[in-house]
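*Asks:* Letter by letter, the chains look like this.
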Amino acid sequence: MTENVAIRLQDITKSFGPVLANDGVTLDIRYGEILSILGENGSGKTTLMNMLAGIYFPDRGQIYVDGRPVTIASPHDAYALGIGMIHQHFKLIDVFSAAENIILGLPGGERYDLAQVTRQVKDICTRYGFDIDPGQKVYDMSVAQKQTLEIVKILYRGANILILDEPTAVLTPQETARLFAVLRNMRADGKAIILITHKLNEVLELSDRVAVLRKGRYIQTIPTASATEQSLTEMMVGQKVTLDIERPKPKDPVKRLEVSRLTVYNEDGIKALDDVSFTAYSGEILGIAGISGCGQKELLEAIAGLQVVQPGASITFDSPDGSSKQLVGATPRQISSYGVHLSFVPEDRLGMGLVGSMGMTGNMMLKDYDQGRSPFLNRKKPRALAKAIRDELDVMTPSLDTPVRKLSGGNVQKVLVGREIASAPSVLMTAYAVRGLDINKSYTIYHLLNQQKEKGVAVIYVGEDLDVLLALSDKILVLCNGRVNGLLDARKTTKEKVGLLMTNLKTEGQEAA
Amino acid sequence: MSEQVIAKDVTARQPLVRLVKRDDMVWWKAWLVRLACVAAGLLVSALFINGITHLDPLAVYASMIRGAFGSSNRIWVTLKDMSLLLCIGVGLAPAFKMRFWNCGAEGQVLIGGLVTAALMINFGDRMPTGVLLAVMAAASIAAGAVWGLIPAFFKSKWRTNETLFTLMMNYVALQLVEFYVDIWDKKQSHSVGVINAATRGGWMTYLFGQQYLLNIIIVAIVTVGMYMYLKYAKHGYEITVVGESENTARYAGINVSKVVMRTMLVSGAICGLAGFLEVAGVSHTISSLTAGGRGFTAIIVAWLAKFNTLTMVLITFLLVFLDRGATQIASDFNLNKYASDIITGIILFFVLASEFFINYRLVWRHRSTEGK
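Which chain is which? The protein sequence lines are A and B, in order.
Note that the first sequence covers residues 0 to 512 in numbering that gives the first Met the number 0.
Note that the second sequence covers residues 0 to 371 in numbering that gives the first Met the number 0.
Since the hints were derived computationally from the structure, they do not count as laboratory data.
We put the beta carbon where it would ideally sit given N, CA and C, even for glycine.
Don't take every hint at face value.
Said to hold, decoys possible - Selected chain A positions facing chain B (in silico; Cβ < 8 Å):
#: 1; residue: 129
#: 2; residue: 305
#: 3; residue: 346
#: 4; residue: 347
#: 5; residue: 350
#: 6; residue: 351
As the list claims (entries may be wrong) - Dumping the calculated DSSO-like pairs for lysine-lysine here, alpha-carbon to alpha-carbon at most 27 Å:
#: 7; chain 1: B; residue 1: 305; chain 2: B; residue 2: 230
#: 8; chain 1: A; residue 1: 270; chain 2: B; residue 2: 156
#: 9; chain 1: B; residue 1: 154; chain 2: B; residue 2: 305
#: 10; chain 1: A; residue 1: 324; chain 2: A; residue 2: 250
#: 11; chain 1: B; residue 1: 336; chain 2: A; residue 2: 366
#: 12; chain 1: A; residue 1: 405; chain 2: B; residue 2: 233
#: 13; chain 1: B; residue 1: 28; chain 2: A; residue 2: 366
#: 14; chain 1: B; residue 1: 186; chain 2: B; residue 2: 230
#: 15; chain 1: A; residue 1: 239; chain 2: A; residue 2: 254
#: 16; chain 1: B; residue 1: 257; chain 2: A; residue 2: 366
#: 17; chain 1: A; residue 1: 145; chain 2: A; residue 2: 405
#: 18; chain 1: B; residue 1: 154; chain 2: A; residue 2: 379
#: 19; chain 1: B; residue 1: 154; chain 2: B; residue 2: 28
#: 20; chain 1: B; residue 1: 154; chain 2: A; residue 2: 386
#: 21; chain 1: B; residue 1: 257; chain 2: A; residue 2: 386
#: 22; chain 1: A; residue 1: 366; chain 2: B; residue 2: 154
#: 23; chain 1: B; residue 1: 28; chain 2: A; residue 2: 405
#: 24; chain 1: A; residue 1: 505; chain 2: A; residue 2: 270
#: 25; chain 1: A; residue 1: 386; chain 2: A; residue 2: 491
Stated by the list, open to error - Label pairs and their computed distance ranges (CB to CB):
#: 26; chain 1: B; residue 1: 360; chain 2: A; residue 2: 404; range: 51 to 59 Å
#: 27; chain 1: A; residue 1: 73; chain 2: B; residue 2: 145; range: 49 to 57 Å
#: 28; chain 1: A; residue 1: 236; chain 2: B; residue 2: 219; range: 39 to 47 Å
#: 29; chain 1: A; residue 1: 486; chain 2: B; residue 2: 255; range: 34 to 42 Å
#: 30; chain 1: B; residue 1: 39; chain 2: A; residue 2: 54; range: 31 to 39 Å
Make the full structure from the sequences, and use the hints.
*Replies:* Here's what the structure looks like:
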């Protein structure tokens, strides 16, 4: 049984200050299998794998590779043992070509033979079905290509044990399928592959066995064949959860926000939004899909008055009281002085939506601290609001004045969403509202969004998980390179269709309704 | 068996000591750490004193205390020194809180002092002192404010680097002072001398017979006022938000340029006022040494106090005490000033180190493996 065990982790423990990230984890990884490490955010998956990759050193416990006890004190040690990790954030040099990145940091003399490297890289590519051009510069590559390059780089260094940290987070469904195909090829070749993930469907689709972590503790490893989404969720969360997102029917939707011919250049002078037009209706959730960096951020910021908009655009807000306002050219303060209740949960929570060094109370008044004529702040109302949000949304914080930076990701998001909802918005925009949240907290957020929808709020939901987008939204607007590439009825479309629209820009004249 | 041998080797390669970030420390524990660090600093200084100079450390410390508090006159001088340094530190507080690195306090003080001196020289005999003092205070505040506003304006408009810009403004102020010193210098002595020495026109009013009392009261008011401004005023809130993240400020609808310029106006104004206090209240002269490096020392004050103006009182006390004490031991024991500066340096170093121990914990190798 121990013959094909690639790595054995014995009683691995690691803590960061008072936080126990891994607590006595014992685990086997075999050659010729794909093992999923499943767990919610903060369950210690990445920490555990970082100890294999030589980034952290365990406080206690022993790692065995091929049956021998080893010390992995640096990434170099890990490479020497044939362990390679593909991190969520790629570690590539933009101005170098693929081949140059591959040999970067390898021992050897002053000179290297690029032609030979190129040959070897091509070899690896044909063996496993990769598709990269060794001469291509990294800055010319798509996210999927960069990821491929990272994998090839590690194989080139002779890794037999590959660790992939949430590899599909940045990929479209089509790219994910391609990645899974090469992973299967590598498994057939006898490599040990570890997949860190919190996506259940991937676990079930790809892996042979699945190891579950919960709050730093190892729960158990089971063969994937005997697992279901429901059983895995319960192991991961530790309690029963319902996995259905409700989707109430929109109640008499009215036109609320009409965006037309919106063009925005980003800070680098690149067209981030190109002639975008759409309408958001009250009582509906409009999902916005697109691979990351396709103009989602600029779109929401332009509506909120935080972007310079090119002439010719119009953003019309039709108030529930019948009046109509033009938002183009208005600052956030002007927009709110028009009586437009526009709430915005930005992607960068602590860098834009909240002040990290302030407590809940201080953050509650971020948008209306200026009210009243007194030169001094009035903390009474925000304090009461902070209290209400803490109790209603169950925010875990030592006190209302604890800097929100010190709260966990889920609690930070509750504070932000809570404040934005408390202002009784008529339009609510959210960007990646559940990023980094565990399953239960994600469902809390979905529920809050549905509540707003039923109150007649026009909700704009920018998301990355297509399953959720399809289950939660009424309509889905697909962005591709800053252009609107389709508007779909979320109840009738499929994940594949959305995925295709995300990557393949339709040409003019092909506009389908 | 062989496995165990290797396993031992494994632990041997663990780092000897690792740093672990702490959670928040309770405030009284943090102060205990600071106190312990000051004590350790005194101890190391004692070793230094004894090792290098063969003096009795206790006698040296006693001499330091004498230097700062030895007589009522010395106490007043210590308080005066504190007030001047504190005033500049308080001036830096709003700018630093906004993450605007105002390194131009030196120049803002100088320019405030320069206009004060100009008014003193030209109107010392023509205006009643009370009126003249008010005019000089207002003019020095305005001059400092302008000196603070210029870099802020350029930063808002063209994103210039404020650190370099404020530093360069120091040299402009310095050259202006040199220029006017030459103009006002009547005896070819390259100094202005004591202005209105005979008439005392434009000299700060003595309160209860004390020369520095009015200075100290003004600085105390400014210190408390700035504390309230930063903590309770809407302006203070805006400063915190802008300092934390410009994007958050824009998101909140704050006009970032306006806040940056307004805050630097306030920052420069208070530094300008410090120039007035120095010239009208203390030296009654102007030279390129009027600011005396306090504009830079105040940066240390502001940082050590984490921009809390009330904590700054403690920090300025420590710095002024060390400085006065160093001067005293230099004369008492015939040491040169460098030896006493080393003692000051050692103690400051330990004070800085205390912040490290408040934020981090050391984990030694044996502790992490013994649980096995």
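*Asks:* Run every hint past the structure and note whether it holds.
*Replies:* Going down the list of hints, with the structure as the test:
no. : hint                      : result
1   : 129                       : violated, 36 Å
2   : 305                       : holds, 6 Å
3   : 346                       : violated, 11 Å
4   : 347                       : holds, 7 Å
5   : 350                       : holds, 5 Å
6   : 351                       : holds, 4 Å
7   : B/305 - B/230             : holds, 13 Å
8   : A/270 - B/156             : holds, 24 Å
9   : B/154 - B/305             : holds, 24 Å
10  : A/324 - A/250             : holds, 23 Å
11  : B/336 - A/366             : violated, 54 Å
12  : A/405 - B/233             : holds, 24 Å
13  : B/28 - A/366              : violated, 36 Å
14  : B/186 - B/230             : violated, 50 Å
15  : A/239 - A/254             : violated, 39 Å
16  : B/257 - A/366             : holds, 17 Å
17  : A/145 - A/405             : violated, 33 Å
18  : B/154 - A/379             : violated, 36 Å
19  : B/154 - B/28              : violated, 41 Å
20  : B/154 - A/386             : violated, 39 Å
21  : B/257 - A/386             : violated, 32 Å
22  : A/366 - B/154             : holds, 25 Å
23  : B/28 - A/405              : holds, 20 Å
24  : A/505 - A/270             : holds, 17 Å
25  : A/386 - A/491             : violated, 42 Å
26  : B/360 - A/404: 51 to 59 Å : violated, 20 Å
27  : A/73 - B/145: 49 to 57 Å  : holds, 55 Å
28  : A/236 - B/219: 39 to 47 Å : violated, 58 Å
29  : A/486 - B/255: 34 to 42 Å : holds, 36 Å
30  : B/39 - A/54: 31 to 39 Å   : holds, 34 Å
Hint violations for this structure: numbers 1, 3, 11, 13, 14, 15, 17, 18, 19, 20, 21, 25, 26, 28, all remaining hints satisfied.
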